[in-house]
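Peer 1: Going down the list, the sequences are from chains A and B.
When the count follows the numbering used here, it moves up by one through the first sequence with no breaks and lands on 113 for the last residue.
When the count follows the numbering used here, it moves up by one through the second sequence with no breaks and lands on 112 for the last residue.
Check the hints yourself; a few may be wrong.
Claimed, not checked - With the C-beta cut set under 10 Å, the calculated list includes, among others, these residues of chain A facing chain B:
1. 8
2. 12
3. 83
4. 87
5. 103
Since the hints were made in silico from the structure, they are not lab data.
Every residue gets a Cβ at the ideal spot worked out from N, C-alpha and C, and that includes glycine.
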Amino acid sequence: DAKTTQPTSMDCAEGRAANLPCNHSTISGNEYVYWYRQIHSQGPQYIIHGLKNNETNEMASLIITEDRKSSTLILPHATLRDTAVYYCIVRVVSGAGSYQLTFGKGTKLSVIP
Amino acid sequence: DVKVTQSSRYLVKRTGEKVFLECVQDMDHENMFWYRQDPGLGLRLIYFSYDVKMKEKGDIPEGYSVSREKKERFSLILESASTNQTSMYLCASSLEGGGGYTFGSGTRLTVV
Numbered sequence: 001d002a003k004t005t006q007p008t009s010m011d012c013a014e015g016r017a018a019n020l021p022c023n024h025s026t027i028s029g030n031e032y033v034y035w036y037r038q039i040h041s042q043g044p045q046y047i048i049h050g051l052k053n054n055e056t057n058e059m060a061s062l063i064i065t066e067d068r069k070s071s072t073l074i075l076p077h078a079t080l081r082d083t084a085v086y087y088c089i090v091r092v093v094s095g096a097g098s099y100q101l102t103f104g105k106g107t108k109l110s111v112i113p
Numbered sequence: 001d002v003k004v005t006q007s008s009r010y011l012v013k014r015t016g017e018k019v020f021l022e023c024v025q026d027m028d029h030e031n032m033f034w035y036r037q038d039p040g041l042g043l044r045l046i047y048f049s050y051d052v053k054m055k056e057k058g059d060i061p062e063g064y065s066v067s068r069e070k071k072e073r074f075s076l077i078l079e080s081a082s083t084n085q086t087s088m089y090l091c092a093s094s095l096e097g098g099g100g101y102t103f104g105s106g107t108r109l110t111v112v
C-alpha cells in the first residue's frame with residue numbers, strides 16, 4: 001500500500017470546520033483513501049473512504065484532489081468529542097494485499113473550547 | 001449496538017502463562033484481524049483471517065497463534081506470555097472486498 005504523510009498535530013476551535021490534510025503522492029490507480037479516528041483508550045473508528053470522487057456522510061466529507069496525490073478530511077463543525085488521532089490510509093480493496101490495513105502515526109486533532 | 005466484542009477490557013497474566021484473547025463479531029463479516037498497539041509504534045497487524053479455519057500472518061506474528069473455528073469468532077493465543085507482549089490488543093472485522101473495518105474496544109494486557 002502507498003505511504004501517507006500527515007501533520008503530527010493540529011488544533012481547531014470548537015464549532016469551526018476542521019480540515020485534516022493527507023499526502024499520498026505514490027497512490028496507485030486501484031488504491032482507495034480511508035480515514036479512521038481513534039479516541040483515547042478506544043478502538044479506531046471508521047469515518048469515510050473514497051477513490052476519486054469527493055464523498056460525504058453523516059460524520060465528515062472527504063475531498064480528493066484530481067491527481068489523487070492528496071486528500072482532506074473535513075469535519076464541518078468540530079466538537080470537543082472530535083478530539084482524537086485521525087489516520088489517513090490508502091489500500092487496495094481486492095486481490096493481493098487487500099486484507100491489510102496499515103496504520104501510520106496519524107494527526108492528533110485537539111478541539112479547543 | 002455493539003458489533004465487535006472483545007472478551008476482556010483489562011487482563012493481567014504471569015510470564016509463561018497461556019493466554020487466550022477472544023473476539024466475537026455479529027455482522028457476518030468474512031475478515032477478522034488482530035492488531036496490537038504500542039506507544040510510538042502505532043497499530044501493527046499480528047494475524048488475520050479471511051474465512052473460517054483460514055489464517056494469514058501479519059507483520060508481527062512471532063509469539064502468537066490464532067484460531068477461527070466459527071465465522072463470528074477469532075481468538076488470539078499467546079502460547080507462553082512474555083513481558084514484551086504487554087500491550088493493547090485490538091480486534092477488527094470487515095466485509096470481503098473492502099468497506100470499513102469495525103474495531104472492538106480493545107484488551108489491555110499486562111504480563112508480569
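Peer 1: With a cut-off of 10 Å, does the beta carbon of residue 83/A approach a beta carbon of chain B closely enough for the hint to hold?
Peer 2: violated (18 Å)
Peer 1: Quick check on residue 8/A please, does its C-beta sit within 10 Å of some C-beta on chain B?
Peer 2: violated (12 Å)
Peer 1: Let's test the interface hint: is any C-beta of chain B closer than 10 Å to that of residue 12/A?
Peer 2: violated (22 Å)
Peer 1: Tell me if residue 103/A is really an interface residue toward chain B, meaning its C-beta lies closer than 10 Å to one of theirs.
Peer 2: Status holds, d = 4 Å.
Peer 1: When the nearest CB of chain B is found for residue 87/A, is that gap smaller than 10 Å?
Peer 2: holds (8 Å)
Of the numbered hints listed earlier, those contradicted by the structure are 1, 2 and 3.
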